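Chains as they are written, first to last, in our numbering: chain A, 1 to 145; chain B, 1001 to 1166.
The hints are simulated quantities; they were obtained by calculation from the structure and are not laboratory data. Computed from a predicted structure; not experimentally measured. Heads up, a few of these hints could be off.
Unchecked claim - Here are the simulated DSSO-like cross-link-like pairs (lysine-lysine), alpha carbons at most 27 Å apart as the crow flies:
1) B:LYS1136 - A:LYS106
2) B:LYS1077 - A:LYS87
3) A:LYS128 - B:LYS1136
4) A:LYS87 - B:LYS1136
5) A:LYS106 - B:LYS1102
6) A:LYS87 - A:LYS106
Claimed, not checked - Sample of chain A residues lacking proximity to chain B, with all beta carbon distances greater than 12 Å (derived):
7) PRO2
8) PRO7
9) ALA36
10) GLU68
11) ARG94
12) ARG124
We put the CB at the ideal spot given by N, CA and C, even for glycine.
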Amino acid sequence: MPALDAPVDDDTLVYRLVPVDSCDAVGGRWQFQSGAFDNSTPVRDDERDDEMSVVLGDTLEALNRIPERLPIETPCSDEPERWGVAKLNTGFLRNEVAQDIVRSPKDDELAHGDVRGAKNPKRRKKLKKHAEWVVEPRLPARGSV
Amino acid sequence: MNTAADMSTLYWALTDEPRSRTARAIAVVRRGYEPLPQWLVPVADRIAELAELDTVNRAVERPLNIEDVLDTLSFLKRVMREDTRLPWIGRLTSGGVELAWKHGDVEVEAVFDRLRGDRELLVSVGDRDWDAPADKGDSLFASVVDRLSNSYIEHACGASPAVACA
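Work the whole structure out from these sequences, hints included.
Structure (C-alpha cells):
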C-alpha cells in the first residue's frame, strides 16, 4: 500500500461518491451537477474548508478493491442505491484546476484522500465536465425539478 | 422581496412541516405577483425537499441557508418567463443553492452562496463561456432564455432527433 507521504501520480484516478441529490435525472439516466464536486463545509472552525473527500485509486488497487463496489463498502451510506461513483484524473486536478491531492486514510476507509484547493463555481463546473461515471446510482432515475 | 417580513415568513417556511413550507414559500413569491407563476409550486416543492435531505452529514455540511433561498427565488422571479423550462435545483455543502439548465449546447448555472461570497451566473454556448454576478446577470440570462423555453425545446426535438432533448 502507498506510504502516507508517497506522491500521487498524475495518471492515478480518484473516485468521488456522488448522491442522487447532486444529480439530475435525464432520459432515465443520472447526470451529476457541479455541486457534486463541492468542498466540505465543516462546522468546526479549526477544520479545513478547502477539501473534497475522494477515494484514491492507487490505494484502492493495492487493497484489491474496485471502485464499482464503493457505494456498498463506504461506511457513510446506509442507502447504497442512492450513491454513484465518478472518476477524476489526478493530473487534471493538479494542472487544470490547481488542486493538491492528499492521502488522508481513515479508520473506516484506508484509501481515503482529499482534493485540496479552492473550488469556486467555475472550477466546480470544470470538474463536472471532466468527471465521468464509473457506476451510476442504482436508484431509478425519474424526472426531477 | 427581501424585506424583514419576507425573511421571517420564509424562515418559518423552512422550519415548519413540508406542506406548510411550500405554502409559505409560495406566499412570499406571490406577493404582488398575479397570476401565480407556473414555476413556483415545483420550485417550492424542491426547496422543501432540499431542506430536509436525509444525506446531510452534519459535520461537514450546512442546512439550507434561508438567505440563499430568498436570493434564488428573487432571481427566478426576475428571469423566468412563462415558458422557461424549470431548472434543476441543488444544495451546496455550505447551505447555498445551485440552479442548472441544459439544452443542446446551452448550459446555464446560477449559484447563491452567501457563506462563501459566491453569487454567480455562468452561461456557456458550445465552447464559449460568459459569467456575471447573479444579481446583475438578467440580461446575460435573457440572451439564452428563448433556447431554454419548453416550446423551443419541443420544436428542436421534433425537428431534429439528433438534438439532445434534456
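Minimum C-beta separation from A:PRO7 to chain B exceeding 12 Å: can you confirm that?
26 Å, holds
Going straight from one Cα to the other, do A:LYS87 and B:LYS1136 come out at no more than 27 Å?
35 Å, violated
Given the hint that B:LYS1136 pairs with A:LYS106, does the C-alpha gap stay at or below 27 Å?
44 Å, violated
Is the Cβ of A:PRO2 more than 12 Å away from each Cβ in chain B?
25 Å, holds
The output says A:GLU68 does not contact chain B. Does that hold with a beta carbon cutoff of 12 Å?
20 Å, holds
Going straight from one Cα to the other, do A:LYS87 and A:LYS106 come out at no more than 27 Å?
20 Å, holds
CA of A:LYS128 to CA of B:LYS1136, is that 27 Å or under?
25 Å, holds
Pairwise hint evaluation, B:LYS1102 against A:LYS106, where the allowed Cα distance is 27 Å at most
Distance of about 38 Å is beyond 27 Å: violated.
Given pair status - A:LYS87, B:LYS1077, alpha carbons within 27 Å:
Not satisfied, since the Cα-Cα distance of roughly 37 Å exceeds 27 Å.
Beyond 12 Å from every chain B Cβ: check whether that's true for A:ARG94.
The assertion about A:ARG94 holds, with a minimum of 22 Å to chain B.
Report holds if the minimum CB distance from A:ALA36 to chain B is greater than 12 Å, and violated otherwise.
8 Å, violated
Taking the closest pair, is the beta carbon of A:ARG124 still more than 12 Å from chain B?
8 Å, violated
Hint violations for this structure: numbers 1, 2, 4, 5, 9 and 12, all remaining hints satisfied.
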